[in-house]
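Colleague: All chains, full assembly: derive it from the sequences and hints.
Protein chains in written order, with this note's numbering: chain A, 1 to 155; chain B, 1001 to 1265; chain C, 2001 to 2133; chain D, 3001 to 3158; chain E, 4001 to 4624.
Honestly, the hints are just simulated from the structure, not real lab data. Backbone N, C-alpha and C define an ideal beta-carbon position, used for all residues, glycine too. One should not assume that every hint holds.
Pairwise CB distance ranges, derived in the manner of DEER restraints [claimed, not checked]: (1) 2078/C <-> 4429/E: 41 to 49 Å; (2) 1086/B <-> 2015/C: 44 to 52 Å; (3) 2015/C <-> 4212/E: 47 to 55 Å; (4) 1247/B <-> 2068/C: 39 to 47 Å; (5) 4302/E <-> 2076/C: 33 to 41 Å; (6) 1226/B <-> 4453/E: 17 to 25 Å; (7) 1265/B <-> 4140/E: 49 to 57 Å; (8) 4447/E <-> 1232/B: 35 to 43 Å; (9) 4241/E <-> 2076/C: 35 to 43 Å; (10) 4024/E <-> 1247/B: 49 to 57 Å; (11) 3037/D <-> 2127/C: 42 to 50 Å; (12) 1141/B <-> 3102/D: 21 to 29 Å; (13) 4024/E <-> 3004/D: 34 to 42 Å; (14) 2078/C <-> 4241/E: 20 to 28 Å.
Simulated crosslink set (DMTMM-like; lysine to aspartate or glutamate; CA at most 20 Å straight-line) [as the list claims (entries may be wrong)]: (15) 2002/C <-> 4580/E; (16) 4563/E <-> 4580/E; (17) 1020/B <-> 1157/B; (18) 1086/B <-> 1096/B; (19) 3053/D <-> 1151/B; (20) 2127/C <-> 1247/B; (21) 2073/C <-> 4420/E; (22) 3053/D <-> 1158/B.
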Amino acid sequence: MASVTLTVNGRTVSADVDPRTLLVQLLREHLHLTGTHVGCDTSQCGACVVHVNGRAVKSCTLLAVQADGAKVVTIEGLAANGKLHPMQEAFRENHGLQCGFCTPGMIMTAVELVNRKGNNLDEHTIREELEGNLCRCTGYHNIVKAIAAGAKAMR
Amino acid sequence: MYKFAYHKAKNVKDAAALLKKAGDSKLLAGGQTLIPTLKLRLAGPAALVDIGGVKELSGIALKGKDLVIGAMTRHAEVATSKVVRKAIPALAALAETIGDPAVRNQGTIGGSIANNDPAADYPAACLGLGATIVTSKRKIPADKFFKGLFETALGDDEIITEVHFPVPKSAGYAKFPNPASRYALVGVFVSRNGSDVRVAVTGAGEGGVFRVAEMEKALQKDFSAKALDGIAVKPRGLNSDIHASAEYRAHLVGVMAKRAAASAA
Amino acid sequence: MKWTAIDDFGIVINPMIVEGQVHGGIAQGVGQALLEGAVYDKHGQLVTGSYMDYCMPRADNLPSFNVDYVVTKCPSNPLGIKGCGEAGAIAAPVAVVNAITNAVGHEDVPMPATPQAVWAAVQKSAKLRKAAE
Amino acid sequence: MALEMTGEYVLPVARQAVWDALNDPEMLRRCIPGCESLEKKSDTEFAAVTLAKVGPVKARFKGKVRLEDLDPPSSYKIVGEGEGGIAGFAKGGASVTLADAEGGTRLSYRAEAQVGGKLAQLGQRLIAGTARKMADQFFSNFAEALAPGSGKGGKKKG
Amino acid sequence: MSASSIGAPVRRTEDRRFITGRGQYTDDIRRPYQTHAYFLRSPHAHATIKGVDAKKASKMPGVLAIYTGEDIAKDKVGDLICGWMVLSKDGSQMKAGRHPALAQGKVRYVGDSVAVVIAETPDQAKDAASAIKVDYGVLPAVADAAKARDPGAPQIHENAPRNTIYEWALGDAAAVDAAFKRARHVTKLDFINNRLIPNAIEPRAAIGEYDQGTESFTLWTTSQNPHVARLVMSAFIGIAPEHKFRVIAPDVGGGFGSKIFIYPEETVCIWASKKVGRPVRWTAERNESFQADAHGRDHVTHAELAVDERGKILALKVKTTANIGAYMSTFSSAVPTFLYAPLLSGQYEIPAIYCEVDGVYTNTAPVDAYRGAGRPEACFVIERVVEVAAREIRMDPAEFRKRNFIKSFPYQTPVASLYDAGDYPGALDKALQLHDYRNFGKRKAESERNGKLRGIGLSSYIEACGVAPSSLAGMLGCGVGLWESAEIAVTPTGMVEVLTGCHSHGQGHETTFAQLVSAKLGIPMEHINVVHGDTDKVQFGMGTYGSRSGPVGMSAIVKAVDKVIAKGKKVAAHVLEAAEGDIEFKDGKFQVAGTDKSAEFGAIALQAYIAHKFPTAEIEPGLK
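Modeller: What follows is the structure, given as structure tokens:
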């Protein structure tokens, strides 16, 4: 067993885990934060994207022990004081989700995208930056709209 | 995943010692290839040695005529680094095409090179720029480093520490991604550094990355896309799979080489 | 790529949701036409067993879609509505193949029309043109 | 995934000597890439364990090696198959033909390989290259062991 | 807060939980003392099982049980079924091979489950599975539908000679032949409708739980139709009695058809939960989804279209071989037959159509409904052949379509379908105008100047959506009802619960259905809760697939709302002391016609429960 201590959504948590535990398993099984999803096993779908030290990463392709000491933010930690994050609002307002399964990863990816590339995002940029997030429901049309709107609202 | 012992290395020396001691072990850099492989139980090393916490392995700096990139430097850092963008913009552009944003935030240049995936991007840059791969033991020129499919000159407990890229006069990279995996179906890196002109191809060769002498000769005379007119690589020795036949790859090598040259010129 | 879809769903209760259904269906249809294909080898081995080889449509594979309606009420239910869930996926694949065959000038284009398939089709058009000259 | 490969070597060794080597278990063990053990079960059948390493993938295959269609000293077929547990299975075979050539013997082969299970599902872009590499390695190891220097002169075709 | 109206783009009420990570998908549910199942799958496409040695595996840490097909047989667990009988041209029944939940004696595709390991953790289950030794006798395999009937092809199921399940036909062959003789032009095409893998981003998952105290079962599963799952599993597979079997399909992350069917994995989870006495859960890895989710399409087709000298279509002839896979999945027989051939007329007047479909077994994953299910395949046939015919006779493809469109309704096609309404030229004209079809030539020329090719493609489609109960469906062999249920339950405070047999897995029913009820009852959407996906809450239902929730599901809701209003009027008549015939319901109020006497919906709901003001012998208390 290996012990890990990390900050998840502002709270410090410690756990003893089998080294083969993935970050996403730590979040889902140990901390019961089931908003982060697993949709594939080859690191393509992006349903598991969370922020580790401010960077979007695939939590299914990171061992929990690799994240030891890190600050992790998941979809559950995005809304502050009961108020939705502007990107969450934008997804709802623009019908950027259907079944909702890819949505947490999409939103986490989108928020980091805005942090990196700013509030004015054109359609081409958004589509390229979504390379690592699969959605089977929306055809991406409304996700792209939602991210453009959410980016503006994050100003 | 099969069970494994996990070791966190403090520094390069420590990592090398741990690798040697653990026997059937694997070095864990960014883990973007290794972890999926472990998850699918297509490998089951007894131990992993994590070099994620080794600070000395990270960083980007211009040293003399070389751009030096630490082995644990993430693709995203290379893609956005002002130093890289100024010295070798083609290298920053190449880094920006690897994987996807989340993979680029975690994957490292050292991990990519050590893995020598026949469809990875960095090997093309190393070979195409005539880089030197610095390890815990020695310095290896790129021409001698890549030994074929997933094989490198690295020894079992040898760790890449830095990659030295000579800053070229100009360079370009063009990639045709596999529609599904987005690895290079064919990627071509071209560079010109004085009289040294290089054309390196990834994704296409059965044995991994390779140089194309005929194209290099033509570009030496005239470093332009037009100079490559009529030069074709032969399908023989090129990969063939459900995504692209050897013939199609051969065609793409020509097209990508021209695009790379055009972006460099 | 420019995409226009006109559907007749009869009376629409929530157009935002209905358009979302159309978008998703079109994406799956374009996926079938250009990207997706399950492949078994001659021994029955599935060789597209992950997203590394089975190509799922991604955001940068698709354009935004123009979606609009005509309305004829369905006489056989009290609301006059028609189903909309599968619509996009039905009409899309063949529209794409019709467009590609129109572009290359002959009908020999398989689904999915992958880059390699389109390249082969363009080679064939060149040959056909030569033969015609 | 099913693949076919061919190649040939010219060995400065008499045909009978090449044939004998092709039937020598110790020689086969040394030449089969990754072979950890080869245990004789009969004149034509061996139990084998091989470790296949392809980049990050590492799988141990337990299975059999068989010699079939023996026509000494001209041709035979060497067939191997192994189960790799959760990774799947691999099978490979090569029809080997010997002919007299100037200064020795011409060895030509037609090999085919097939993998199944997870390896086939997930390793699409690795398999062709690996199979070819393994076939090349076996025959170049063989040529090299029999006549040092001749292993590099092989001609391989798709 | 006010009522919503039909046609308004109301934002979705379900979104809040999804955008905050509070959705409850099957894999998010944890049960006390739960165990984990891992399925050992065949790496061979076709092989006999000579033996399974699980001795070493069963002693490994955390392992609770290992079961194989033999255990399934011993417990007399029934086979999985195909619920739609298809008859061949000669009148014989389709030849469905057995489909046990765990393979018995033989595996027939890569991914066929040979054994299941139940352990304390998923890793332990997997560790043990890799220690199970299966002795396979490998057989030749066939994956390609076009080769499945070849003389040398391996026989996959004993009772289906030449791997042929059925040779089905629809239409009038003689009329088609006669029309082809009159044709000025015949267009012939061969094509393959490629095989697809549905790939809902949420992988399939199941949790089976047996309660020893009540001798009852609960299954949480990623299903588009929980009631049908319960029906099939109790009536045919025989695992649990229907009245003591609860199936819950919570939030489901996309289905696209692939989650309609009753699969081996959930069957095994519920069966094994009783055997191990603890909840058994399973979640597919994506690699398993690729192997063992029902795939879609996979048709090999030859089509011919006969056209006369005026560019009018005379007849269509289609011959399709449909790959059904290694086993017949729940709806598999119907997709390439009843959901395909009746759509071949497209939007066109085609006097004669004849279609033959051969359904064949292959050593591949089962093939079943995937978004569109038969209809995209039919649309592909007719729209390719129409497009090519237009090009061949050098007529503008849009013009050719318009010339052949059906223009008056109702229209009876020669392939069973009766069209009730439509405006095909109107839709096409609008599309052409929006797309600037007229100037396409200019755009094409400009592209050519830039060294690029540009093409334009049209397609017109017709969809049979919301297949409803009919004597035709019964005659065609459909084994389940096709109606839908809805119940409107009003609480004493005037809040409304809408119970529907439809299931939402991304379609937004919680919003659309509430919006409809809000508009009809004149109450705010916030007062309405839509309940679905639980057999203990909703009396019965068929689930959601085939574009049916709108036309069938919402029709049921409207009828239920009408009943509530009718009863409300009765109550209101007593409360407002007026004749029932004088009560009008408008804008959420019961009103005495021509007066200003009225009562709010909520007030009448309360009175319905208090039941003091009306004779309970005539009117039952409560409002439903």
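Colleague: Are the hints correct? Go through all of them and say.
Modeller: Against the structure, the hints:
1. 2078/C <-> 4429/E: 41 to 49 Å: Check failed, 30 Å falls outside 41 to 49 Å.
2. 1086/B <-> 2015/C: 44 to 52 Å: 50 Å, holds
3. 2015/C <-> 4212/E: 47 to 55 Å: 51 Å, holds
4. 1247/B <-> 2068/C: 39 to 47 Å: Distance hint for residue 1247/B, residue 2068/C holds at roughly 43 Å.
5. 4302/E <-> 2076/C: 33 to 41 Å: Holds, at about 34 Å.
6. 1226/B <-> 4453/E: 17 to 25 Å: Since residue 1226/B and residue 4453/E have Cβ atoms about 23 Å apart, the given range 17 to 25 Å holds.
7. 1265/B <-> 4140/E: 49 to 57 Å: Once the Cβ atoms are compared, 56 Å apart, the range 49 to 57 Å for residue 4140/E and residue 1265/B holds.
8. 4447/E <-> 1232/B: 35 to 43 Å: 26 Å, violated
9. 4241/E <-> 2076/C: 35 to 43 Å: 37 Å, holds
10. 4024/E <-> 1247/B: 49 to 57 Å: Given range 49 to 57 Å: holds, Cβ gap about 51 Å.
11. 3037/D <-> 2127/C: 42 to 50 Å: 55 Å, violated
12. 1141/B <-> 3102/D: 21 to 29 Å: 40 Å, violated
13. 4024/E <-> 3004/D: 34 to 42 Å: 51 Å, violated
14. 2078/C <-> 4241/E: 20 to 28 Å: 36 Å, violated
15. 2002/C <-> 4580/E: Status violated; Cα separation ~58 Å.
16. 4563/E <-> 4580/E: It holds: about 14 Å lies between the C-alpha atoms, which stays within 20 Å.
17. 1020/B <-> 1157/B: With a Cα-Cα distance of about 6 Å, the restraint between residue 1020/B and residue 1157/B holds, given a limit of 20 Å.
18. 1086/B <-> 1096/B: The hint holds at about 15 Å.
19. 3053/D <-> 1151/B: 10 Å, holds
20. 2127/C <-> 1247/B: Holds: residue 2127/C and residue 1247/B sit about 17 Å apart, inside 20 Å.
21. 2073/C <-> 4420/E: Given pair residue 2073/C, residue 4420/E holds - Cα atoms ~9 Å apart, limit 20 Å.
22. 3053/D <-> 1158/B: Satisfied, since the Cα-Cα distance of roughly 18 Å is no more than 20 Å.
Figure legend: structure checked against the earlier numbered hints; hints not met, in rising order: 1, 8, 11, 12, 13, 14 and 15.
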